[in-house]
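Enquirer: Listed in order, the protein sequences are those of chains S and Z.
With the numbering used here as the guide, the letters of the first sequence map in order to residues 1 to 285.
With the numbering used here as the guide, the letters of the second sequence map in order to residues 1 to 285.
Since the hints were made in silico from the structure, they are not lab data.
Since the model is a prediction, treat every value here as computed from it, not as a measurement.
A few of these clues could be false.
Same chains, same names: a pair is fine if it fits in one copy or spans any two.
To be verified - 35 Å max Cα-Cα, derived DSBU-like pairs, lysine-lysine:
hint : residue 1 : residue 2
1    : K47       : K270
2    : K211      : K252
3    : K60       : K252
4    : K254      : K284
5    : K257      : K37
6    : K153      : K252
7    : K7        : K139
8    : K206      : K90
9    : K284      : K180
10   : K270      : K139
Number of protein chains: 2
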Amino acid sequence: MIVDIRKRILIVGLGLLGGSYAKVLKRFGFHISAITKEQGSIDYAIKENIIDDGSTELDKELIGNADIVIFALYPHVFVEWIEENQSLLKSGALITDVTGVKGSIVYKIQDMLRPDVEFIAAHPMAGREVSGVENSSDKIFIGANYIVTPTEKNTEEAIETCMELGRLLGFSNVTTLSPKEHDEMIGFLSQLTHCIAITLMTCNDKEDMEKFTGDSFRDLTRIARINDLMWSELFVANKQALLEQMNLFMDKFKELKTMLEEEDIDGMRKMMRHSTERRALFDKK
Amino acid sequence: MIVDIRKRILIVGLGLLGGSYAKVLKRFGFHISAITKEQGSIDYAIKENIIDDGSTELDKELIGNADIVIFALYPHVFVEWIEENQSLLKSGALITDVTGVKGSIVYKIQDMLRPDVEFIAAHPMAGREVSGVENSSDKIFIGANYIVTPTEKNTEEAIETCMELGRLLGFSNVTTLSPKEHDEMIGFLSQLTHCIAITLMTCNDKEDMEKFTGDSFRDLTRIARINDLMWSELFVANKQALLEQMNLFMDKFKELKTMLEEEDIDGMRKMMRHSTERRALFDKK
């Protein structure tokens, strides 16, 4: 194991993701601490043996002793935390995150960070429609992607450690992408899909539609039940990349609409065959 | 039981839906015949005891003896069949269908039909991503909707018989809508969702995206694997209603895009809360 088991891990933000990280890593034998807002989350996690200790305060000892710090916070809260509290970090500490956007966060953090602390960014592509440490699970990473987004400022060692963390957590696919590639990919695969789902869900308020709903509509709107605080922040934090994807989608949708207006059956069939062929690539392997 | 068990039922078009109808109705004891293109489908269905007899020809006896005829054909094939062969139907026969669009079909058929034969239209909202009588199943109707779309030309008796057929088939929800209401509803819940799925699947051909795909993207594109022949015809057959739904969707999507451009967090959060609230209505009961 690349990551030394004697290393002390601190999780900042003990929600669904932070709690799930803690659950898995504790099982390997790491000493796990947590800092989070609610005393109830700390109490629950200690009782359930998810963490060893924790605090709702900026406990200098907890922070100063941590070799690896995992930030599971909203993007702007993470940035503020580093701005205000980075002096408390241990010299030589490695910090990482779970933030779903990268370009607007990674460089900002790396630019302001003390030179004796390294930030290596990661995006665990896992989540559920519930939140809180009480819903954390050591199973949510199975089958999921874990993407490390290194920059020129990162050391090989930090990249390797961060990737090993992903493997320890149980992710099925651990890879690296540049922050830009990551944001493009996430803009398309995740953010655009959420934009589409909430649009579909709100564009027609006609009553009684639900009585006739089948699986197609349900599938397309499963993610229309959305955490508005988090997603509006993520959208804005990835504004340019997401706008590009929205434009790609809208242009194609207009093409289809024009073909329908002109009853261009051949054109529609061609698009549908393209769709069918391409969808096969995306089947679960 | 409203429908007399001694009535002879003929299914024209023995594919997935036609075969599934046959499977269930045969179990109740009806005499089931079928007319379909492929001899292999007939042979299979007789061997599996799904039908009593069948033909690939316009067998005058089979057609002339049927009290109830169920057409499970593509829309334009159904219209042509009636145009060319309605003289073969028994006087007093009741005919029904499984067509997924109504306005462009129902009046056309009723207007040209002999006065001694009644057409009552129905849309069984069930299907699978596979086709053919070999894939037929007596389970696909459970939990699904069956919509009868009567017009002024229909008798109470025919409407009741058609609804009873839906209940016998095992549909969980048997209702009536006007052809116009049906087409609006289907334009939104089914056709618009397919338009969105195929657009999403074809708007960005960047390589390697599939490596990072999560459940959201997979859910939104499950129906992007699509029968191009059938759906292009269904889209055109419901052109006006579908174009209206596409416009509603596009206008809302543009609103969201503008809010993102202007970083209007409050506006986006409001839309997301609306989405979340409305999605709750569509949960499976």
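Enquirer: Each hint should be assessed against the structure and marked as holding or not.
Expert: Against the structure, the hints:
1. Taking the closest pair of Cα atoms, K47 and K270 never come within 35 Å of each other, the shortest separation being 59 Å inside a single copy and 38 Å across copies.
2. Proximity of K211 and K252 under a CA criterion of 35 Å is satisfied in both settings, with 31 Å inside one chain copy and 23 Å between copies.
3. For the homomeric pair K60 and K252, neither the shortest alpha-carbon distance inside one copy (54 Å) nor that between copies (49 Å) is at most 35 Å.
4. For the homomeric pair K254 and K284, the shortest alpha-carbon distances inside one copy (30 Å) and between copies (32 Å) are both at most 35 Å.
5. In this assembly of identical chains, the alpha carbons of K257 and K37 lie at most 35 Å apart only when taken from different copies (34 Å versus 49 Å within one copy).
6. In the homo-oligomer, the alpha carbons of K153 and K252 never lie at most 35 Å apart, since the shortest distance is 39 Å inside one protomer and 42 Å across protomers.
7. Taking CA atoms no more than 35 Å apart as the test, K7 paired with K139 passes inside one copy only; the shortest distance there is 23 Å, against 55 Å between copies.
8. For a Cα distance limit of 35 Å, the shortest separation of K206 from K90 qualifies neither inside one copy, at 58 Å, nor across copies, at 42 Å.
9. Taking CA atoms no more than 35 Å apart as the test, K284 paired with K180 passes inside one copy only; the shortest distance there is 26 Å, against 39 Å between copies.
10. Taking the shortest alpha-carbon separations for K270 and K139, only the inter-copy value of 33 Å comes in at or below 35 Å, while the best intra-copy value is 41 Å.
Hint compliance for this structure: hints 1, 3, 6 and 8 are not met, and every other hint is.
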